[in-house]
Amino acid sequence: MTTVEFRHGPVWVIAEQIEGRVRAVSFQLIGHARKLADELGAPVEVILLGESLDEPAQQLIAAGADTVYLGDDPDLAFYHPEIYTEMIVRLAQERQPEIMLIGSTPMGRELPALVAARLRTGLTAHCIDLVLNENMILEQKVPGYGGLISIICPERRPQMATAARGVFPSPELDTSRPGRVAPLVVPKEIPHRIETLEIVREEPEGVPLESAAVVVAGGAGAGDPGGWREIQGLARVLNAALGSTRPAVDEGWTELETMIGQSGKVVSPELYLGVGLSGELQHMVGIVGAKVMVAVNNDAKSPVFEQVDYGIVDDCREFVPVLIEKIREYQTK
Amino acid sequence: MLKIVVCVKAVPDPEKADQIRIDPVSKALVRADVPLVLNPLDKNAMEAAVQLKEQFGAHVSVLSMGPPPAANVVKECLALGADQGILLSDRAFAGADAYATAYTLARGVEKIGSYDLILCGRASSDGSTEWVGPELATLLDTPIVTMVEEIIEYGDEWWKVKSGLDNGYRVVRVKLPAVLTVTRELNTPRTLSFSGIIKARRKQISQWGIDDLDIPEQAVGLKGSPTIVSEMTTQESTREVEMISGTREEMAERLIQKLADAGFLASS
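As you go down the protein sequences, you meet chains A and B in turn.
For the first sequence, position 274 (counting from the first letter as 1) is numbered 358 according to our numbering, and the numbering increases by one without interruption.
For the second sequence, position 181 (counting from the first letter as 1) is numbered 949 according to our numbering, and the numbering increases by one without interruption.
In case anyone wonders, no lab produced these hints; they're calculated from the structure.
Being a predicted model, the structure only gives us computed values, none of them experimental.
Where hints are given, some of them may not hold.
[What the hints assert, rightly or not] What the simulated footprint calls covered on chain A by chain B, stretch by stretch (three residues with Cβ under 8 angstroms from a Cβ of chain B suffice, anywhere in the stretch; the number is not a length):
#1 141-153
#2 194-204
#3 236-249
#4 354-362
#5 372-381
#6 392-399
[Unchecked claim] With a Cα cut of at most 30 angstroms, we get these calculated BS3-like pairs of lysine-lysine:
#7 A:385 / B:1026
#8 B:771 / B:967
#9 B:784 / A:417
#10 B:967 / A:272
#11 B:1026 / A:410
#12 B:843 / B:967
#13 A:272 / B:930
#14 B:821 / B:879
#15 A:385 / B:795
#16 B:821 / A:272
#17 B:771 / B:930
#18 A:375 / B:771
#19 A:385 / B:784
Just so it is clear, CB atoms sit at the ideal spot from N, CA and C, and this is done for glycine as well.
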């Protein structure tokens, strides 16, 4: 057996499972990690923590992992900040990864920060692209200030970044790929100052955003809860999933779960209708590969009209009720 | 008595923040004169602290890192009911990323002294990374619960809180001292009262710089930040827009026709 020397440390993905199923975003990040690793000439290593995960571990190899570090223990069944952090930090100190990627999920909004602070390294949230530059440094792209900002972590390692489901495509699974599973042991001497007593999962109402063929997204232009209900009505008559922008969430008209964009969900519908929103890049980057895009907004100069196929300049509070009525007429014609 | 530290951030007014943009030619930020305000979710953190003070008695310190004008935001927190206001302000702190910010805040918390609870908003409206709370907790070796939407039980040592998940929540027990980052669901922040503003006039804001915190310059600000901005670009759209005009009814009908032609609407 020959040993291979790598110039760069491995590219890591922290995979995440819920009730034994690995989340789609983890597969997508492994697919992207594979590309980055091939450019670097480095291996892909995936960390998977949970319980009864032999089969999922094989799927991660099929998705592109060379090694899966598998922590399989009842204590790991659900995300535990102290145990997960400790296991990842210890292994990172040993393996010295070049890059560490994590999905922007509720776990991915906390765990990477706990790990990054322990490793005293940089961390970029909600990236919409991750590419290596000519110096083989990871350019971590995030939208901001009406444009795109590229963030790098030039000196410290690993270079850590999170990205949402849908930013990268799901890789083809190749079950003939070779790879190995290495077991991880749960350390004993962990402080246990946090204890999860209960996890409650609620079935989301209506059409799920990520898989919806039609998405209606509303923004600040709704004006008030009444205006928001009209946008909800439009989503219903189009059998669409309802999405939102951050201002609509901040106003309290809708839940954080409906937010589309950089720090929210990434959707790829056939038809997207943006209503009462200006088209800030933070929102627009959350719509990937839509076939047809429509915007309704009262400000003719808003950037949304540079990013859609059809534009209507009107106050959405006036226009949406008329549109709903006309759609109903058309549907019963 | 509970000792609470609320970490707050002065952010560009979210209503006007879109005036700060990347210039398409120079690729530099166009600095508009956008006023600094208290980060919206930090209002929920402040409200939680004031409610705890009213219910159990507490000493509430407000800690912020920012340029000198951020003092107004600290003052606002004093008017809302905080007892002590501290602004970490120094030229050396400028350009800090989440890690350097958390590091500087951690040194500020240590200078304040002992604490039972640190409260932060879940995210800031300008950065939206959500990293500062958990990084601060790590640097202080303190447990953290993020996305707290309800405090269910207040024990002497352990508190029980509800933390949001996508489509659900978890119930977590956490041992004090702890850091909690809070969501909008936790409470409804009160508005400033006249008597609060009057009382706040008598409260002093301490400003601490790098010498007060006794930390090296290379640990803070841009120098202490693992990440830097390498490039800013503007994006060009690949779509060509067709504007639909007419009366309101005509626009609706024309749009419906476009959608029907593309196969998105069916008549019965």
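Restraint check for residue 821 (chain B) with residue 272 (chain A), where alpha carbons must lie at most 30 angstroms apart:
38 angstroms, violated
Would the hint linking residue 821 (chain B) and residue 879 (chain B) be met if the CA-CA limit is 30 angstroms?
At roughly 22 angstroms apart (the allowed maximum being 30 angstroms), residue 879 (chain B) and residue 821 (chain B) satisfy the hint.
Would you check chain B against the region 141-153 of chain A, counting CB to CB pairs closer than 8 angstroms, and say if three or more residues qualify?
violated (count 0)
So if I understand the rule, the pair passes when the alpha-carbon distance is 30 angstroms or less; does residue 784 (chain B) with residue 417 (chain A) pass?
With a Cα-Cα distance of about 45 angstroms, the restraint between residue 784 (chain B) and residue 417 (chain A) is violated, given a limit of 30 angstroms.
So if I understand the rule, the pair passes when the alpha-carbon distance is 30 angstroms or less; does residue 967 (chain B) with residue 272 (chain A) pass?
The hint is violated at about 51 angstroms.
Assess, step by step, whether the Cα of residue 375 (chain A) is no farther than 30 angstroms from the Cα of residue 771 (chain B), and give holds or violated.
55 angstroms, violated
Under a C-beta cut-off of less than 8 angstroms, do 3 or more residues of the region 354-362 of chain A approach chain B closely enough to confirm the stated coverage?
holds (count 3)
Does the structure keep residue 385 (chain A) and residue 784 (chain B) at a Cα separation of 30 angstroms or less?
Satisfied, since the Cα-Cα distance of roughly 16 angstroms is no more than 30 angstroms.
Holds or violated: residue 385 (chain A) to residue 795 (chain B), with C-alpha atoms at most 30 angstroms apart
Holds, at about 21 angstroms.
Can the region 236-249 of chain A be counted as covered by chain B under the rule of three residues or more with Cβ-Cβ separation shorter than 8 angstroms?
holds (count 5)
Hint check: residue 272 (chain A) vs residue 930 (chain B), CA-CA at most 30 angstroms. Holds or violated?
27 angstroms, holds
Does the structure keep residue 385 (chain A) and residue 1026 (chain B) at a Cα separation of 30 angstroms or less?
23 angstroms, holds
The structure is inconsistent with the numbered hints 1, 9, 10, 16, 18, although it conforms to all the rest.
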